[in-house]
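Chains A and B are the protein sequences, given in the same order.
So for the first sequence, this note's numbering puts the first residue at 29; every next one is plus one.
So for the second sequence, this note's numbering puts the first residue at 29; every next one is plus one.
If you're looking for bench data, these hints aren't it; they were derived computationally from the structure.
Heads up, a few of these hints could be off.
Identical copies carry no separate label here, and so any pair may be met within one copy or between two of them.
Claimed, not checked - In silico DSBU-like links for lysine-lysine, alpha-carbon gap of 30 Å or less:
#	residue 1	residue 2
1	K111	K165
2	K327	K165
3	K327	K111
4	K111	K325
5	K111	K66
6	K35	K137
2 protein chains.
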Amino acid sequence: MNAHSAKPYVIGLDLGGTNSVFGIVDSRGEIKATAAIKTQGYNTASAYVDAACAALEPIIEQVGGIEQIRAMGIGAPNANYYKGTIENAPNIQWAHNTVVPLADMFSQKLGVPVAMTNDANAAAIGEMTYGVARGMKNFIVLTLGTGVGSGIVLNGQLVYGSDGFAGELGHVIMRRDNGRLCGCGRKGCLETYCSATGVARTAREFLETTDQPSLLRNINPADITSYDVSVAAGQGDALAQQIYEFTGRMLGEACADFAVFASPEAFIFFGGLTKAGELLMEPIRRSYDECVMPVFKGKPQFLVSGLDGASAAVLGASAIGWDIK
Amino acid sequence: MNAHSAKPYVIGLDLGGTNSVFGIVDSRGEIKATAAIKTQGYNTASAYVDAACAALEPIIEQVGGIEQIRAMGIGAPNANYYKGTIENAPNIQWAHNTVVPLADMFSQKLGVPVAMTNDANAAAIGEMTYGVARGMKNFIVLTLGTGVGSGIVLNGQLVYGSDGFAGELGHVIMRRDNGRLCGCGRKGCLETYCSATGVARTAREFLETTDQPSLLRNINPADITSYDVSVAAGQGDALAQQIYEFTGRMLGEACADFAVFASPEAFIFFGGLTKAGELLMEPIRRSYDECVMPVFKGKPQFLVSGLDGASAAVLGASAIGWDIK
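Take these sequences, add in the hints, and give me the full structure.
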């Protein structure tokens, strides 16, 4: 009996800006048990880890106890793959302006080895293993959630760069003049426009700067979410449709720049915003073809993740766990 | 005696927008003989290949005849590594809006196998084998010549992308409003500002839009080159120094975006414009640190190629030749 079969499960943790989702996964990628906590609301990383382990305890028991767990893999924003740390994550209050050795903290608490990467890199591993990127060697996953993340696979390998932080495509500068203020401290980053929160900002901006009638005027501007915008757009609301047109066009412009870098076979979109479907995808494709260098026109596929949102990231994170030597 | 020692040389061709430089190189990277022709002035690819082979003939004889030549490697703009073609190269009159099977054409004419990649990829291979990138796994070479090219190495491998065309960083869009018209048909590309011709355009623009006195006013605006600008800047000319400040700042902004993609260990600058030295490099470093996402600040090295301009590209091209199976 080898170590693998002796301990048949890994824990996958998809640590997002809003929710932290845990899954206990077997070697065939089947999720045996899940749990979740909020990511925010803890003043220290230690308090977060305590809450996470309390939530994990019953599902670990459910699969036969910690002796059944081989390792844990974490997908988290601003994760340093090489060091197992979260460093200066602008969207997480207990990891803002600090370095959190999260892999070691979980490892000490649980007694299993822990590895961690960018949440978007984990999503890319999930797509490559179980999703629409199966068999692809060059592709880019863009996660459109609270922020915009990315996982870049070139020559069949995840791009980690010199320090483990490569692939922060939510922070390319899309507007160099009068750009929106970003959580990273700069202005004009892609994620200030094309994340779920970016879409809500666009809605407030469009509502303030025009007199155009809209269903969105029935909502308190501070409470508008990207979901409200997609519902209104689905009901034929012209202003809401313009918001998706604006968002999709900018994503297409951004992909045109990413294409000259990597010439990927596909761009794969992942996360809450993709629920808008063609409202978002049609302007992305159109804008990409209008903006891109001619040699890359019409080449890449623009795909929506085929995996269920939470599972893909959890499975990706779990794949990192299996990889620990 | 193996095939390698039986044929001790490869031909390297650095095919630039202005000059085509040939070198016959041994397995230790020593250049045994060189020749050069102009790249422009031919109406067809066939006429160019004829002229190239005529120039090669005497240096091939010099090393003992074609029997001594194992292969040929070409570094060329818009080269497709997978197909051996030059496709729609905006800066070459005989390859503009067409697909030229240049590797096959040379192979048929010379009777040796031929492989081809982007001229900037060839420069990156040259830096990795003989230059300042020895031992690095993640770096980006930016070639600042007639255009702006790039060679990207991640995880120790050149990035070719899905179609062989990845790494055209001269064509990221730096100015989305009122950008300069580029040879690729779009507006605002990095190379319209930060190539040698871009620097000359900046000079004409600055001379037209200000009354500032400058040594450059003694030159017919249409004849100003980046060399003239660097000479004037070296003599303390304030306007010329502002031109390098403008150019360096934009390169730093661009590198800040490249860092979020690849987090390289180094950016390596190559080509004619780097002769300006600190006039260019100081604003690049300063602007990068001002513009970049905090997590990447101060991390990469900014280096000037340590290899002689022509040799590096020829050696890089020759390395591709050695690689042919």
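Hints and how they fare:
1. Taking the shortest alpha-carbon separations for K111 and K165, both the intra-copy value of 26 Å and the inter-copy value of 18 Å come in at or below 30 Å.
2. Both within a single protomer and between protomers do K327 and K165 lie at most 30 Å apart by alpha-carbon distance, with minima of 15 Å and 28 Å respectively.
3. Taking the shortest alpha-carbon separations for K327 and K111, only the inter-copy value of 16 Å comes in at or below 30 Å, while the best intra-copy value is 37 Å.
4. For the identical chains of this complex, K111 and K325 are inter-copy neighbours only, at 18 Å across copies versus 39 Å inside a copy, given an alpha-carbon limit of 30 Å.
5. For the homomeric pair K111 and K66, the shortest alpha-carbon distance inside one copy (24 Å) is at most 30 Å, but the shortest distance between copies (51 Å) is not.
6. For the homomeric pair K35 and K137, the shortest alpha-carbon distance inside one copy (18 Å) is at most 30 Å, but the shortest distance between copies (62 Å) is not.
Every hint, counting from the list given before, is met by this structure.
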